[in-house]
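Quick mapping for you: the protein sequence lines, in order, are chains B and Z. For this note's numbering, add 1434 to where a residue sits in the first sequence, where the first one is 1. For this note's numbering, add 901 to where a residue sits in the second sequence, where the first one is 1.
You may find that some hints are simply not true.
Said to hold, decoys possible - Computed footprint of chain Z on chain B, listed as stretches where at least three residues anywhere in the stretch have a Cβ under 8 Å from a Cβ of chain Z:
| # | region |
| --- | --- |
| 1 | 1446 to 1457 |
| 2 | 1526 to 1535 |
| 3 | 1540 to 1554 |
Stated by the list, open to error - Ranges between beta-carbon positions, derived for each pair:
| # | chain 1 | residue 1 | chain 2 | residue 2 | range |
| --- | --- | --- | --- | --- | --- |
| 4 | Z | Pro960 | B | Asn1499 | 37 to 47 Å |
| 5 | Z | Lys972 | B | Met1562 | 41 to 51 Å |
| 6 | B | Gly1517 | Z | Glu943 | 35 to 45 Å |
| 7 | Z | Glu948 | B | Lys1439 | 50 to 60 Å |
No lab work stands behind these hints: they were computed from the structure. The beta carbon of each residue, even a glycine, is placed where N, CA and C say it ideally should be.
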Amino acid sequence: MSNIKAEINSIMINVISNVFEDMAFMEAIESREILEPQDIPNLMWSSLLVNDPVYEEFKLFISKNLVRKITETIYGFLDEESGDQILNDTLTEILNIVVGKFFKEVLPPEQSFSLGLPEIGSTEECPMKEPGSIEWNFTLENEQVLLISSEKILTKIAELNS
Amino acid sequence: MKRIVIADDANLARMYIQKCLEIAGPQDAKFEGASNGKEALELIKKEKTDLLVTDLNMPIMDGLTLLKWIKSNPLLKDTPVIVITSVSNVSKNLELQKFGAHKVLSKPITPAIIHNAIEQLF
Chain B
1435 MSNIKAEINS
1445 IMINVISNVF
1455 EDMAFMEAIE
1465 SREILEPQDI
1475 PNLMWSSLLV
1485 NDPVYEEFKL
1495 FISKNLVRKI
1505 TETIYGFLDE
1515 ESGDQILNDT
1525 LTEILNIVVG
1535 KFFKEVLPPE
1545 QSFSLGLPEI
1555 GSTEECPMKE
1565 PGSIEWNFTL
1575 ENEQVLLISS
1585 EKILTKIAEL
1595 NS
Chain Z
902 MKRIVIADDA
912 NLARMYIQKC
922 LEIAGPQDAK
932 FEGASNGKEA
942 LELIKKEKTD
952 LLVTDLNMPI
962 MDGLTLLKWI
972 KSNPLLKDTP
982 VIVITSVSNV
992 SKNLELQKFG
1002 AHKVLSKPIT
1012 PAIIHNAIEQ
1022 LF
């Protein structure tokens, strides 16, 4: 199981790197720092439910400042009056693309998968890490980003590839 | 003037796709956006559309349902549909093409990718 975990971890890090590089021209560097979501300043977060072939959730935690930088890169310009909706769109779209690309990489080609609609999380109710979760920590532009899901995904992916 | 409808529930994604099409698509294109399949269908019924670019996961009406609606409508069935999605793989791509999608592309796209997808259309 530890081999599978290492392989899946590596795939996710590659996916995250490619997505941020392609979309925002930013380098995502894997971080070994132990991080809680609440450690990220000016936090924004989004969750995305995977419906099939496994029923689990991904959560992406990131600073608003970094989301703004990414949005500015994509839009070209963001004025001070631009509302949170545009930042929410950026965050949910990033999570959507990362999770989609991840499953495309780890599942057999003939295995379809289904994602829910990403949702913006409330900063007043920031979730804690749960037992049995897996996480990917990385830094972009000197800011921390944290992606969390459940270890059950590893088991399911291993089953589907066996 | 070519009319292109872009359907995606994320404003950012619509903007991004439009930018790619402005770079790599027809020079005289007019763009209209929809945040779900139902809105996109209304736009396409209202006026002749030269291209529909749609996401799959959208509220109210998803991209697959939109595609099926269009391809089963005698007046709309010749509208080219490109699906740009985060949930594409071999299996999903085949399903979408079976229902009439011209191309299925994985997010995030680039101007080069969209150019290759539409070059036969314009």
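Hints versus structure:
no., hint, verdict
1, 1446 to 1457, "holds (count 3)"
2, 1526 to 1535, "holds (count 7)"
3, 1540 to 1554, "holds (count 10)"
4, Z:Pro960 to B:Asn1499: 37 to 47 Å, "violated (29 Å)"
5, Z:Lys972 to B:Met1562: 41 to 51 Å, "holds (47 Å)"
6, B:Gly1517 to Z:Glu943: 35 to 45 Å, "violated (26 Å)"
7, Z:Glu948 to B:Lys1439: 50 to 60 Å, "holds (52 Å)"
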